[in-house]
Amino acid sequence: MLSAEENKLFTSVGAATPLGTLLRRYWHPVGVSEFVTSKPQRVKALGEELLLYRGQSGEAHLMQLRCAHRSLALDYGRVEGDCIRCPYHGWLYDASGQCLEQPAEPEGSGFKDKIKLRSYRTQEISGLIFGYLGPEPAPLLPLYDVLRWEDGVKAIQLRNVNANWLNHVENIVDISHLAWLHGHSFPAYGAKKVTYHWDRRDYGADNVMLVDGVRDDDTHISCYGFPLTNRFNVPPVTPGGEQVRTLLYRVPVDDVSTSLYFVRFTPGEKRMLPVSVRQEKLGEYKHLDSDWWGIDNSDQDRMAIEQQGIIADRVNEHLSASDGGIILMRRMMREALAAIAQGQDPLCVIRDPAKQQVDFGQRSLLMDQRQREGNYAGGFGRAMAAVD
Amino acid sequence: MLSAEENKLFTSVGAATPLGTLLRRYWHPVGVSEFVTSKPQRVKALGEELLLYRGQSGEAHLMQLRCAHRSLALDYGRVEGDCIRCPYHGWLYDASGQCLEQPAEPEGSGFKDKIKLRSYRTQEISGLIFGYLGPEPAPLLPLYDVLRWEDGVKAIQLRNVNANWLNHVENIVDISHLAWLHGHSFPAYGAKKVTYHWDRRDYGADNVMLVDGVRDDDTHISCYGFPLTNRFNVPPVTPGGEQVRTLLYRVPVDDVSTSLYFVRFTPGEKRMLPVSVRQEKLGEYKHLDSDWWGIDNSDQDRMAIEQQGIIADRVNEHLSASDGGIILMRRMMREALAAIAQGQDPLCVIRDPAKQQVDFGQRSLLMDQRQREGNYAGGFGRAMAAVD
Amino acid sequence: MLSAEENKLFTSVGAATPLGTLLRRYWHPVGVSEFVTSKPQRVKALGEELLLYRGQSGEAHLMQLRCAHRSLALDYGRVEGDCIRCPYHGWLYDASGQCLEQPAEPEGSGFKDKIKLRSYRTQEISGLIFGYLGPEPAPLLPLYDVLRWEDGVKAIQLRNVNANWLNHVENIVDISHLAWLHGHSFPAYGAKKVTYHWDRRDYGADNVMLVDGVRDDDTHISCYGFPLTNRFNVPPVTPGGEQVRTLLYRVPVDDVSTSLYFVRFTPGEKRMLPVSVRQEKLGEYKHLDSDWWGIDNSDQDRMAIEQQGIIADRVNEHLSASDGGIILMRRMMREALAAIAQGQDPLCVIRDPAKQQVDFGQRSLLMDQRQREGNYAGGFGRAMAAVD
Chain V
1 MLSAEENKLF TSVGAATPLG TLLRRYWHPV GVSEFVTSKP QRVKALGEEL
51 LLYRGQSGEA HLMQLRCAHR SLALDYGRVE GDCIRCPYHG WLYDASGQCL
101 EQPAEPEGSG FKDKIKLRSY RTQEISGLIF GYLGPEPAPL LPLYDVLRWE
151 DGVKAIQLRN VNANWLNHVE NIVDISHLAW LHGHSFPAYG AKKVTYHWDR
201 RDYGADNVML VDGVRDDDTH ISCYGFPLTN RFNVPPVTPG GEQVRTLLYR
251 VPVDDVSTSL YFVRFTPGEK RMLPVSVRQE KLGEYKHLDS DWWGIDNSDQ
301 DRMAIEQQGI IADRVNEHLS ASDGGIILMR RMMREALAAI AQGQDPLCVI
351 RDPAKQQVDF GQRSLLMDQR QREGNYAGGF GRAMAAVD
Chain F
1001 MLSAEENKLF TSVGAATPLG TLLRRYWHPV GVSEFVTSKP QRVKALGEEL
1051 LLYRGQSGEA HLMQLRCAHR SLALDYGRVE GDCIRCPYHG WLYDASGQCL
1101 EQPAEPEGSG FKDKIKLRSY RTQEISGLIF GYLGPEPAPL LPLYDVLRWE
1151 DGVKAIQLRN VNANWLNHVE NIVDISHLAW LHGHSFPAYG AKKVTYHWDR
1201 RDYGADNVML VDGVRDDDTH ISCYGFPLTN RFNVPPVTPG GEQVRTLLYR
1251 VPVDDVSTSL YFVRFTPGEK RMLPVSVRQE KLGEYKHLDS DWWGIDNSDQ
1301 DRMAIEQQGI IADRVNEHLS ASDGGIILMR RMMREALAAI AQGQDPLCVI
1351 RDPAKQQVDF GQRSLLMDQR QREGNYAGGF GRAMAAVD
Chain R
2001 MLSAEENKLF TSVGAATPLG TLLRRYWHPV GVSEFVTSKP QRVKALGEEL
2051 LLYRGQSGEA HLMQLRCAHR SLALDYGRVE GDCIRCPYHG WLYDASGQCL
2101 EQPAEPEGSG FKDKIKLRSY RTQEISGLIF GYLGPEPAPL LPLYDVLRWE
2151 DGVKAIQLRN VNANWLNHVE NIVDISHLAW LHGHSFPAYG AKKVTYHWDR
2201 RDYGADNVML VDGVRDDDTH ISCYGFPLTN RFNVPPVTPG GEQVRTLLYR
2251 VPVDDVSTSL YFVRFTPGEK RMLPVSVRQE KLGEYKHLDS DWWGIDNSDQ
2301 DRMAIEQQGI IADRVNEHLS ASDGGIILMR RMMREALAAI AQGQDPLCVI
2351 RDPAKQQVDF GQRSLLMDQR QREGNYAGGF GRAMAAVD
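Residue numbers (the working numbering), protein chains in the order written: chain V, 1 to 388; chain F, 1001 to 1388; chain R, 2001 to 2388.
Read the hints as simulated data drawn from the structure, not as lab findings.
Here a beta-carbon is modelled for each residue, glycine too, at the ideal position from N, C-alpha and C.
Treat the hints with care, as some may be off.
[What the hints assert, rightly or not] The calculated lysine to any residue pairs, modelled on SDA-like cross-linking and capped at a C-alpha distance of 25 Å, are:
1) R:K2355 with R:L2022
2) R:K2116 with F:A1004
3) V:K192 with F:A1004
4) R:K2193 with V:D113
[What the hints assert, rightly or not] Interface residues of chain V toward chain R, partial, derived using beta-carbon atoms under 7 Å:
5) R70
6) A73
7) G90
8) D94
9) G108
[To be verified] Beta-carbon label-pair distances, calculated as ranges:
10) R:R2121 with V:P18: 49 to 57 Å
11) R:V2256 with V:G108: 52 to 60 Å
12) R:Q2041 with F:K1193: 25 to 33 Å
13) F:P1135 with V:Q41: 50 to 58 Å
When you get a sec, could you build the whole thing from the sequences and use the hints?
Right, here's the structure in full:
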């Protein structure tokens, strides 16, 4: 259990909070390439309202949402070259946030030179736009395996969860829930006796699950990329096909909602599928008669995450042996908070280019077994099949 | 008038409040038999979220909504026999709330023995499921006359009011409003000069109204069952028929909304009508051109209760002679609060089986007169006629 | 910039606040003649819920919304003559708020004589009903030119803005925004170099804009009527026609929403158009492809006012030379607050009948130029044309 104070500390993501300060030391997706154009848009991440647009140079720009003059939201403005113009009085800002024009000011006024919006670094890779909201020098963007892979079908899915980010990250490092929450979809471990352990890695941690009576090869490992990412596989789209390699970024929108960016990859002919977007509503889950819980496995995690309470009550939780991953993850968060309090980089920040390429130790042999039985088509599998 | 502090005291129903503690000393309806099945459901009463389901034994079970492990709402779980299983990690609880299984824990772990959900007593009678949320030993459930009667047509109606419970209970003990709010529907007392008095009874109090110039026989009495119930009659469904005996339970959902359970009975052939449910919206009332106020009499009370303000401002009220019932009811609430503060049973708690059967002294002769005039069909009358 | 405290002071309009007290020293529109009938209605102004109805005498009456007895909202009551009757127990109040009847009280009770609702003065002119919510003696209602004019077509438009009143008043005294926010609709000054100054007047202030390189005659002046009014012209409805004289009242509904009453006048045959009402939603603006900002000019101001934030963050604003009007207006507000703190009338309160008729120094020659070019039809112009 956590104290009420620590639960508050761990679940508050605003710029002025300790955890918000910590999360700002990492790169986060803030948009998808397909949707970012010269029409400026408003995005919200880590409790902060931001402006995102693509300049004439092709580069994506990220900055504070509101004009420094009188707070007008600049997503109502106009992109000119790589600059943004406020519609109220025509103030013009370049991509660094520097004010270049104040048309109604007297000739020769130097006032514009003193005005600069907060602007943020961006990087674009694999269909995602990442932003960095922390202090300089910015660390390197971890080049996770799925981001780098090119020879195959790639698909981005944008989803949301109506809950605090911590509910979601606790679901990653909680490996034993697979046997029950997703147990009907995956008979290989459904309601089976499982054991588990967690191994710290450079990128975060591995969540390892073993199923009693199944040969050692069939170990299931999902990987946690500290602080907000994970890697896992889902069953093939077609019988005998390859598992779908999945990288999942979570971005806290604010303290009560979270954006999800799935990047899916299957080896094969190089192709990028259109981005799929779904706006999920709290308490509405896709019904499935044949599942134990009456919920399609594509919505089971969201149900569990939202139905713990939008911000779970950790004062009254009772953690058990199977929650070792949660205990480890919280310890890593405390270590990271301590590091920045001491002026050091927190864990998993990469500054050495030799370490920028990150491969995960993910294994999903149990799913292969499931697949060999020939009777599974997961939510994503169906979606990809439909597109094909 | 009340002080702001006492208005707050009287209108706060949560478990940690004095009035919430008092109300937990009584049985309250928490569901209707027809709708409680092996599909677990979430109900809210007295500010508390609860789980309600029917086990294989046929018994209804009531307990805290959330799993002790990590707070998942158990209405997303599965009933197994008389137990409930959490969908997240498969923890299984029996009807007493005792944890029986924690599938992911190591063999031989005794952790489950230490885990017990708060569970609550239930009783089922006359189509209603009652719950008791207070300390042991539980008192007896008052067997009000309408609950016990069997030889006739019975109908349960489930409604809601978008206001605090106290607005509603004040409407019960306020007998003189009949002459105005409902005056057009009931010419026998509509806009007539009335007198009134209140008599304390074992079950609560009688609200007595007399109409100037009408013979003494035509006294109108409606009965208040402390703390949240009342008994009154409504006109017959068919000309010359019997009045409809009505018992009305109010259950505070939270501080700003109240559930209503009507139980209607008419002597005749034994029959149970299907439960009728309506979800009422604040400020939307059934329009009736011919009424003084333009509102159908089935919605007049709800209008008055909601339009005092969701929690009425009693600091600025001006009680008058006709508000003797309200003054009496508040005195009874204060007595009851004082009793539990001294470790005693509050008023109208029944522990002697000889006193469990409660008959009300209700009389509605004025309505008979109305009925003799042959031109009335009330909202409930119309509903019952439609069903017939 | 303002301190957080002063921003709060300037944006809080409730009866108990300093600015709410100040604004209560002036008359404000509370309804339109066409819609005020014997059916009582609820209106909200300056954070206060009010009852408005027209009595048999033809006079409009304004008083506190809730019955003194038990707080029932009297808009559910019934007008009798010039009185209002509460539907709950039939209490009857005259137009002064004096209670005349309490039908359920004992014969001879003097309780009703002690009960009086707060009632407020009203005046009806030019299709508007004005109310005065301040202390006696009430000042005179300023008879602005548009109100007095009779020989022509008059039209009232009722709109709302989902923002605090101060966002809106700052938009009045901010003359330079015309060149950008409305620049595409008015090429005479669109994106032109402008200069500006502000002149205090008995009625408030004139906002003067000059466009570089345009002859001196073409000065544009819009007038600010302290504290919440302004006067400006819009282009003619038909080519070669007269400009439409516009008077605009703002009424703070509460701290986060504002009502707008437009009174439009064009010289010609005497006629009153039907009142036009539109309920505007936050963030929904009429799209226009051909405008710089993609928003029809009838919605450009509302966009700017709402998209500063519902209550603009003035702690982080950066006022510039073009914001002289805002600085002046805030100074006037501070003077007015100081005056009432010293027991004096605040500025622009009129008590001398010789000064009650107010003419504005409004000029819009640039719009005439625009009109001469023959290619403009504004939103209001289109609306009036449609009606014609």
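Okay, the hints, checked on the actual structure:
{"no.": "1", "hint": "R:K2355 with R:L2022", "result": "holds (21 Å)"}
{"no.": "2", "hint": "R:K2116 with F:A1004", "result": "holds (22 Å)"}
{"no.": "3", "hint": "V:K192 with F:A1004", "result": "violated (58 Å)"}
{"no.": "4", "hint": "R:K2193 with V:D113", "result": "holds (19 Å)"}
{"no.": "5", "hint": "R70", "result": "holds (5 Å)"}
{"no.": "6", "hint": "A73", "result": "holds (4 Å)"}
{"no.": "7", "hint": "G90", "result": "holds (4 Å)"}
{"no.": "8", "hint": "D94", "result": "violated (17 Å)"}
{"no.": "9", "hint": "G108", "result": "violated (11 Å)"}
{"no.": "10", "hint": "R:R2121 with V:P18: 49 to 57 Å", "result": "holds (56 Å)"}
{"no.": "11", "hint": "R:V2256 with V:G108: 52 to 60 Å", "result": "violated (40 Å)"}
{"no.": "12", "hint": "R:Q2041 with F:K1193: 25 to 33 Å", "result": "holds (31 Å)"}
{"no.": "13", "hint": "F:P1135 with V:Q41: 50 to 58 Å", "result": "holds (56 Å)"}
Hints 3, 8, 9 and 11, counting from the list given before, are not met by this structure.
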